[in-house]
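K.L.:
Residues per chain, in single letters:
Number of protein chains: 2
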Amino acid sequence: MKTSAVLAGTIAGAAMGTIAPKNVIFVVPDGLAPASSTIARTYLAMAEGDSTPSNPGIMPMLPVDALAIGNTFTHSANSLVTDSAAAGTALATGHKTGNGILGLLLDGQPVGSILESAKLHGWKTGLVVTSPISHATPAAFSSHVQDRNNFNSIAEQQIGFSHPLNQSVDVMLGGGRCNFWPNTHSDSCREDKIDLFGFAKEQGYYVAQNRSQFDDIELGKGEIRLPILGLFNDADLHYEADRKEQDEDVREPSLSEMTETALNALHRATHCKDKGYFMMIEASRIDHASHAHDANAHLWDVLEYNKVIEIVTQWIDEHPDTAMISVADHETGGITLPGGWDPRKLIGSKHSAPMLAEQYAAYEGDDKDAFFREEIMAPYGLGDVSDSDLAELKSGDVGANLAEFLSARAGIKWSTGGHSGVDTTLYAYAAGEMGEQLKVDLAGAHDNTDIPKYLEEAMGLDLEEVTELLRENW
Amino acid sequence: MKTSAVLAGTIAGAAMGTIAPKNVIFVVPDGLAPASSTIARTYLAMAEGDSTPSNPGIMPMLPVDALAIGNTFTHSANSLVTDSAAAGTALATGHKTGNGILGLLLDGQPVGSILESAKLHGWKTGLVVTSPISHATPAAFSSHVQDRNNFNSIAEQQIGFSHPLNQSVDVMLGGGRCNFWPNTHSDSCREDKIDLFGFAKEQGYYVAQNRSQFDDIELGKGEIRLPILGLFNDADLHYEADRKEQDEDVREPSLSEMTETALNALHRATHCKDKGYFMMIEASRIDHASHAHDANAHLWDVLEYNKVIEIVTQWIDEHPDTAMISVADHETGGITLPGGWDPRKLIGSKHSAPMLAEQYAAYEGDDKDAFFREEIMAPYGLGDVSDSDLAELKSGDVGANLAEFLSARAGIKWSTGGHSGVDTTLYAYAAGEMGEQLKVDLAGAHDNTDIPKYLEEAMGLDLEEVTELLRENW
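Protein chains in written order, with our numbering: chain A, 42 to 515; chain B, 42 to 515.
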């Protein structure tokens, strides 16, 4: 079959740049699978409604369900299965690159991102994530390094310490404190004395490192202004499954809380101005849970992503000069739901598997079996398993055992510990006529590199321009 | 998270029935997976272009890619994983029913289909498939039985021999002759003497049972009029992988050929009239190939489905009073594409696995190993495997062995021999303003039962009315 006549690598039928939003919100559910929404929706129907596997009824729609509009192709410049660095670079810059590379082409030359271009054109910018802020996806929008694991270099670029264009991110909320502390700090990951928190303060950043400092951003309202750097864990923020169980006064901010705070801060800084804001929000840890085949951690991070989408769509209804696009960078885990799968098996599971494995490893008491049954298995929804299963579960890698056991019970299958090559679903939302135009523009399938090109036109930006500037200062 | 405020079970944001097409084409790729398009697109890029796994480049778009617009939920009234009967009933009638049931609710009462309602309102109707015409999906649009395996009863209803509303299908093209022949015919599957081909002729049907009679429909043009019954195999039509290798003069009609012929016949019968046609086309055997984990048969039936979509979209551009919706009834096989998957391993594979297994079983010569290597493995793209692999391949279920071996080589993973519960992609197309309105109406996620409800409004039909008529005559 000849396909040469078929649209190749372009946004099908789109009149590019026909919308002109003042503000753009880009949400990346890292690793979200086609099956993820089916799991979350069905779980809610059974946990909160009277749906059962033998009488499912009509499912409630997730906030993101109604926003589906097409698909994206996710392969990278050097692999049919991308990693988050190459996929992030594609979504941020409109260029394919190799797995592991951030903001550079295969030849090592930098390419500018939609966030950097927005900043250059007078927009305010934000990154809100649950991974370290220097992790692949946020890094793809704000740094240029050969190796995604150069977290320290990435942090330096993100805060404007060593970025060719200086400071380009006005709000950063997430995890990853350790890359910002000098090696004199006990929790630092750095090998040098560079103090990026200190540098940030010198540059006028409000720096938050815990719940109360985070709350102050909202409480202080007009008092606390951009730029803002809020990092609430040395590494990743907790899985939502674990975070929601933390004591309230020390509980880490959730992705939806950080989203609201960032929206308010960016809105306060721009609502009287011509230029608005560009914000990238990443539900970072859906991916991590899928790598670990942890169905419960996956579920709760998918639900939290949907809470973010609900907040953003309500925000857009109140601020109709704003448009949102959401798309996963790739699928993780190769999740499928064969006959017999049953989301009710996830009801009662409170925590992530690795958190429980850690608690078990730390236990020094006398009755390991009782502790394992009551404090480890029960909180993972496995309070009713047999003694022989208990023995198997607590030998070897406890976290992996719990995850595989719960997945097997729920009939959720994973085909890989890595990513897969399937297309990801594209979601978009704007209010009124802009919303209708967005559907007409974005319906269909797109290479992942086409998304920032569409935003470039819609936002009146120039990615080539920022690429040239980066290369002049490289 | 509360979801009660979120749209439940309705077409999100749709102003129902805002399009008013004269003709509607509904295409069901049975069992099409989210991964199916990724496989087909990438195969084409590598078989026909210079794409490789380590340098994939920008992929060509499949004809269906550009038409993605949302998703559908596929669960049935009694299972999270539907079968084709319940899913077909949902798509045809707007009602959930139990697995295995066709055109009836769980209480045994019939519900009318969009095809039956169209017929009642003066539209011409068509069913074009590659399975037996009495198989679940076409049967859901044209019959009402408790058990999808009652193929003989279904055939009787479809031809108007025993349907409560008499004859409702004007064009039927596909397989399944055996249910139409009386038990006096050597290839009959009937246990009675009912001759449905004879009955069809009495009712004025043009009956075609082979390639030359099929060709006559086109050659005869205006001479051969509706109704038309063309069945070209006793059971399923061949997989496209096998059909394309048949001798030209006896080659079964392909799904795309039957589509063109049906479109022309329906167009000739309606183009001077107020009312147009409703046609359901099913790429039936994507599903069968996935049940068998036969990656090559799957690939070629997915490519043929895309050829049908290409023909239909071109037809619509020339006949802009026509709208198309396409959606899979469910996913089959739980297909995923983990890192390392390589579609180049499918290049050179000509046939389906079961056809080759049949040829091997029929071989009566002396050199079984040579025959197996040259006539079985080579045409399945496995000409280069080791002697020990050869020994393994030819022991036990040869067809299954070949399929699993090729899938493993290509790195294509299947998680089940049955269906899975993931959402399926919704595709739609119309030209010009109707096309834009269709995108606005259908963007988002929908329960599968919402699709015929949307068509009911768009076509000005009344599903309740036909249901009442059916019940009066039940």
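Each hint should be verified, as a subset may be incorrect.
What the hints assert, rightly or not - What follows is a list of derived Cβ distance ranges for each label pair: (1) ASN224/B - ARG385/A: 47 to 55 Å; (2) GLU416/A - LEU431/B: 34 to 42 Å; (3) ARG450/B - GLY245/A: 54 to 62 Å; (4) ILE388/B - THR59/A: 38 to 46 Å.
Think of the hints as simulated: they come from the structure by calculation, not from any bench.
The beta-carbon is built from N, C-alpha and C at its ideal position, and this holds for glycine as well.
K.L.:
For every hint, state whether the structure bears it out.
P.N.:
Evaluation of the provided hints:
1. ASN224/B - ARG385/A: 47 to 55 Å: holds, 48 Å
2. GLU416/A - LEU431/B: 34 to 42 Å: With a Cβ separation near 54 Å, GLU416/A and LEU431/B fall outside 34 to 42 Å, so the hint is violated.
3. ARG450/B - GLY245/A: 54 to 62 Å: holds, 58 Å
4. ILE388/B - THR59/A: 38 to 46 Å: The hint (38 to 46 Å, Cβ to Cβ) holds, given that ILE388/B and THR59/A are roughly 40 Å apart.
Checked against the numbered hints above, the structure violates only hint 2.
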